[in-house]
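Peer 1: Whenever a hint applies, use it, and build me the whole structure from the sequences.
Residue numbers (numbering that gives the first Met the number 0): 0 to 145.
Hints listed in this document are in silico derivations from the structure and should not be mistaken for laboratory results.
Be aware that a few hints might be false.
[As the list claims (entries may be wrong)] Below, computed lysine-lysine pairings styled on BS3-like, alpha-carbon distance capped at 30 angstroms:
no., residue 1, residue 2
1, LYS71, LYS82
2, LYS102, LYS2
3, LYS71, LYS2
4, LYS82, LYS102
5, LYS102, LYS71
[What the hints assert, rightly or not] Label pairs and their computed distance ranges (CB to CB):
no., residue 1, residue 2, range
6, GLU60, PRO25, 30 to 36 angstroms
7, LEU98, ARG40, 20 to 26 angstroms
8, GLU63, GLY87, 17 to 23 angstroms
9, THR57, PRO25, 33 to 39 angstroms
10, PRO12, CYS73, 27 to 33 angstroms
11, HIS86, ARG40, 30 to 36 angstroms
12, LYS2, ASP55, 29 to 35 angstroms
13, PRO12, ALA83, 20 to 26 angstroms
14, TYR67, LEU17, 22 to 28 angstroms
15, SER1, GLN116, 19 to 25 angstroms
16, THR93, PRO25, 30 to 36 angstroms
17, ARG44, GLU91, 24 to 30 angstroms
Cβ coordinates follow ideal geometry from the N, Cα and C atoms, glycine included.
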Amino acid sequence: MSKTRLMIMHPDPSALALLTSMLTSPAYEIVEARNDRMAVRLMERGDVDVLVAAVDPTDVEAWELLSYMRRKHCQVPVILLLKAHDHGHAGEATRRGALMVLKYPVPATELRAAVAQALGPRVAPPTAAPPTPPTTPPAIPSPGPS
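Peer 2: Structure follows, in structure tokens:
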């Protein structure tokens, strides 16, 4: 069974390292990108299951990345991290194809939950217990003749 591939994009190397450490797990292979162009090159090279991208909503390239993802890799969920989280930019991001928008900096638990949600049923969270089969209640004997 192959690992789930996450791509994390952030222009700041220390923030990129922090995000990577937040998502490091035996279940994931993490690919790092420092900018939009590098993210596009890496997307063209291989399968990525989720893209987590920190972007500046005032930067035109952020919107171009979303357009590219929608055109070429529409099956890959995109989680955007925005420093300035306002409803206008978040709404625009979801209209352009982002699955979800989180305010950056983001707590590790919230980021992990967002990635798990983006992956859906493909990957169970590491702490999830296997589902239990449904049980049939015991039959209640009917009262006999009195």
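Peer 1: All hints, please: hold or fail.
Peer 2: Results for each hint:
no.	hint	result
1	LYS71 / LYS82	26 angstroms, holds
2	LYS102 / LYS2	27 angstroms, holds
3	LYS71 / LYS2	22 angstroms, holds
4	LYS82 / LYS102	6 angstroms, holds
5	LYS102 / LYS71	26 angstroms, holds
6	GLU60 / PRO25: 30 to 36 angstroms	33 angstroms, holds
7	LEU98 / ARG40: 20 to 26 angstroms	22 angstroms, holds
8	GLU63 / GLY87: 17 to 23 angstroms	18 angstroms, holds
9	THR57 / PRO25: 33 to 39 angstroms	38 angstroms, holds
10	PRO12 / CYS73: 27 to 33 angstroms	30 angstroms, holds
11	HIS86 / ARG40: 30 to 36 angstroms	32 angstroms, holds
12	LYS2 / ASP55: 29 to 35 angstroms	30 angstroms, holds
13	PRO12 / ALA83: 20 to 26 angstroms	21 angstroms, holds
14	TYR67 / LEU17: 22 to 28 angstroms	25 angstroms, holds
15	SER1 / GLN116: 19 to 25 angstroms	21 angstroms, holds
16	THR93 / PRO25: 30 to 36 angstroms	31 angstroms, holds
17	ARG44 / GLU91: 24 to 30 angstroms	29 angstroms, holds
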